[in-house]
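**Q** Single-letter residue listing:
2 protein chains.
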Amino acid sequence: MKQIKNFGSLTAHLKKQKPRKRVVAVWPSDKNTEEAISRVLHEGWADFILVGPSDILDTFQSLKHYADRVSVVGVSDCDEAAREAVKIVRDGGADVVMKGLINTDNLLRAVLNKETGLLPKGKVLTHLTAMQGGRYGKFLFFSDAAVIPSPTFEQRVAMVSYAVEICQAFGVERPRVALIHYSEKINPKFPVTTEYAEIKRLADAGVFGDAVIDGPMDVKTACDAESAKIKGIASPIEGQADALIFPDLEAANVFYKTMTLFCKADNAGILRGPIAPVVLPSRSDSAISKYYSLAVACLIS
Amino acid sequence: MKQIKNFGSLTAHLKKQKPRKRVVAVWPSDKNTEEAISRVLHEGWADFILVGPSDILDTFQSLKHYADRVSVVGVSDCDEAAREAVKIVRDGGADVVMKGLINTDNLLRAVLNKETGLLPKGKVLTHLTAMQGGRYGKFLFFSDAAVIPSPTFEQRVAMVSYAVEICQAFGVERPRVALIHYSEKINPKFPVTTEYAEIKRLADAGVFGDAVIDGPMDVKTACDAESAKIKGIASPIEGQADALIFPDLEAANVFYKTMTLFCKADNAGILRGPIAPVVLPSRSDSAISKYYSLAVACLIS
Chain P
1 MKQIKNFGSL TAHLKKQKPR KRVVAVWPSD KNTEEAISRV LHEGWADFIL VGPSDILDTF
61 QSLKHYADRV SVVGVSDCDE AAREAVKIVR DGGADVVMKG LINTDNLLRA VLNKETGLLP
121 KGKVLTHLTA MQGGRYGKFL FFSDAAVIPS PTFEQRVAMV SYAVEICQAF GVERPRVALI
181 HYSEKINPKF PVTTEYAEIK RLADAGVFGD AVIDGPMDVK TACDAESAKI KGIASPIEGQ
241 ADALIFPDLE AANVFYKTMT LFCKADNAGI LRGPIAPVVL PSRSDSAISK YYSLAVACLI
301 S
Chain E
1 MKQIKNFGSL TAHLKKQKPR KRVVAVWPSD KNTEEAISRV LHEGWADFIL VGPSDILDTF
61 QSLKHYADRV SVVGVSDCDE AAREAVKIVR DGGADVVMKG LINTDNLLRA VLNKETGLLP
121 KGKVLTHLTA MQGGRYGKFL FFSDAAVIPS PTFEQRVAMV SYAVEICQAF GVERPRVALI
181 HYSEKINPKF PVTTEYAEIK RLADAGVFGD AVIDGPMDVK TACDAESAKI KGIASPIEGQ
241 ADALIFPDLE AANVFYKTMT LFCKADNAGI LRGPIAPVVL PSRSDSAISK YYSLAVACLI
301 S
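Protein chains in written order, with the numbering used here: chain P, 1 to 301; chain E, 1 to 301.
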């Protein structure tokens with residue numbers, strides 16, 4: 001498979017994929033969500049189940065043209081919508097869950113329900129972003145800008161696994177995953193650095209398969225060969241990271257907000273861990289970002 | 001004073017300032033430092049004392065043209081250079097300290113020495129960056145990308161004070177300082193958010209003078225009015241922050257590295273707290289960044 005390096009190639013790839021993926025949308029009653037769904041329907045790479053008010057198609061005229069590829073499940077409120085969407089996935093009726101106008105916490109309650117939810121026992125739930133921009137010549141994936149405030153060691157290991165997996169789904173043969181910290185020194189005063197050293201040992205033992213895992217290193221060293229050279233750092237990442245694992249949500253969120261605001265980067269965000277990817281846009285995300293998130297979810301589902 | 005919004009206006013302002021500032025450079029034996037000093041000498045807004053090998057001018061031919069504005073203090077190693085430079089400042093012989101080819105830790109040892117150093121008792125030492133780029137129409141100042149890993153409440157308060165001070169030195173009449181966190185909620189589970197609430201109370205009590213201090217909020221809400229609007233956040237920052245206070249070094253360093261690498265932002269970094277500003281470039285900083293740092297230090301010294 002040829003490596004998919006940007007959103008244009010991603011959607012071109014999806015258009016050729018058969019059968020079409022099935023997306024269940026939870027209370028999709030905002031303009032941006034409608035616009036994203038409408039664009040996907042027009043391009044023909046996914047079908048939709050809208051779980052919301054039973055008259056939702058009266059509001060969303062643009063979706064009416066695709067009556068054979070859009071079905072509606074009427075419910076009375078967004079919490080019921082979340083439970084119903086999760087049930088549809090469990091019953092094998094959908095491949096991807098998409099968040100509409102519902103609080104993240106309320107959607108997660110349904111997704112994480114131990115009896116009726118979507119997260120297998122022992123699986124780590126984390127957020128993964130695909131970013132394209134800032135003159136970087138390929139996708140840059142990273143975790144976790146939305147769900148885990150301070151990852152435990154086990155959660156960091158899971159993040160690395162998901163990062164390797166998504167890179168492979170995008171056709172990266174030997175994913176390079178950089179473990180981010182402001183310094184390249186391993187220092188017991190900063191436990192994240194010793195946890196990174198342990199993750200490298202797991203990588204050397206083959207736990208993550210054919211992937212290059214290295215760190216601690218800063219964002220510049222991870223993504224720019226010249227900076228690494230000036231600092232005298234010889235890393236197998238070689239300034240060409242495919243994925244970044246951030247030390248915590250504060251740092252990841254700063255990267256996410258800085259890239260989208262100051263570098264006008266495009267991004268797509270999904271939850272990993274559940275049996276189906278969950279598309280979880282943030283409130284200030286645009287329609288195009290929701291559309292991109294659907295594309296990433298449909299590729300890996 | 002007209003607000004200085006970019007490095008071009010800053011150096012134009014310095015060229016008109018009298019008398020010229022005096023910079024003491026600690027072991028300035030690398031190409032980038034020479035280039036930065038040479039440019040300042042050419043533009044005529046500072047004089048230099050080079051503390052290093054006594055034959056240093058033989059190596060740095062470009063500085064020889066300015067014999068009347070460059071003096072040399074010969075020492076045998078960089079640690080001695082640091083001690084000597086600090087002494088010169090204490091004796092009133094220089095206004096700014098500049099780091100050359102010496103480890104930050106070694107320079108700081110001399111600066112922080114309780115008997116012979118430059119930090120008054122009770123003063124907080126922190127790092128402050130001036131950033132220009134990413135299509136933001138003015139300087140964006142932030143702390144701390146280099147010195148304090150996890151600020152205490154007292155250190156956060158000092159960072160806010162220094163931020164207000166530097167904004168005022170740049171002619172910002174009523175500085176807007178945003179306290180950064182990934183969410184705008186105050187939540188005792190995340191102590192930084194309750195510390196921010198306390199800082200806002202101090203601001204309301206007038207501790208920081210005529211300034212707008214608000215948070216917690218994320219980088220996008222702080223620097224983009226549109227994002228704040230979509231999120232329904234009404235803040236007096238109005239998406240036009242002059243300065244950002246980051247929750248910790250991890251987050252600040254990600255901002256610094258992301259802006260300089262992906263947004264090609266220009267930056268200048270100095271230490272605040274000592275009786276004279278200390279210019280402290282990072283190893284991967286360019287000559288232009290060192291030159292900009294000198295400009296910021298000479299403005300506020």
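A few of these clues could be false.
One copy or two, either will do: identical chains are not told apart, so a pair holds if it fits within one copy or between any two.
Stated by the list, open to error - SDA-like mimics (lysine to any residue), calculated; alpha carbons at most 20 Å apart, straight line: (1) Lys229 to Gln240; (2) Lys15 to Asp55; (3) Lys138 to Gln240; (4) Lys189 to Thr152; (5) Lys264 to Arg135; (6) Lys16 to Pro149.
Keep in mind that the hints were calculated from the coordinates and are not lab data.
**Q** All hints, please: hold or fail.
**A** Hint by hint, here is what the structure shows:
1. For a Cα distance limit of 20 Å, the shortest separation of Lys229 from Gln240 inside one copy, 13 Å, qualifies, whereas the shortest one across copies, 36 Å, does not.
2. Proximity of Lys15 to Asp55 under the C-alpha cut-off of 20 Å is found in neither arrangement, the shortest distances being 30 Å within a copy and 69 Å between copies.
3. Only within a single protomer do Lys138 and Gln240 lie at most 20 Å apart by alpha-carbon distance; the minimum there is 9 Å, versus 31 Å between protomers.
4. Proximity of Lys189 to Thr152 under the C-alpha cut-off of 20 Å is found in both arrangements, the shortest distances being 16 Å within a copy and 16 Å between copies.
5. For a Cα distance limit of 20 Å, the shortest separation of Lys264 from Arg135 qualifies both inside one copy, at 10 Å, and across copies, at 10 Å.
6. Taking CA atoms no more than 20 Å apart as the test, Lys16 paired with Pro149 passes in neither setting, with 38 Å inside one copy and 49 Å between copies.
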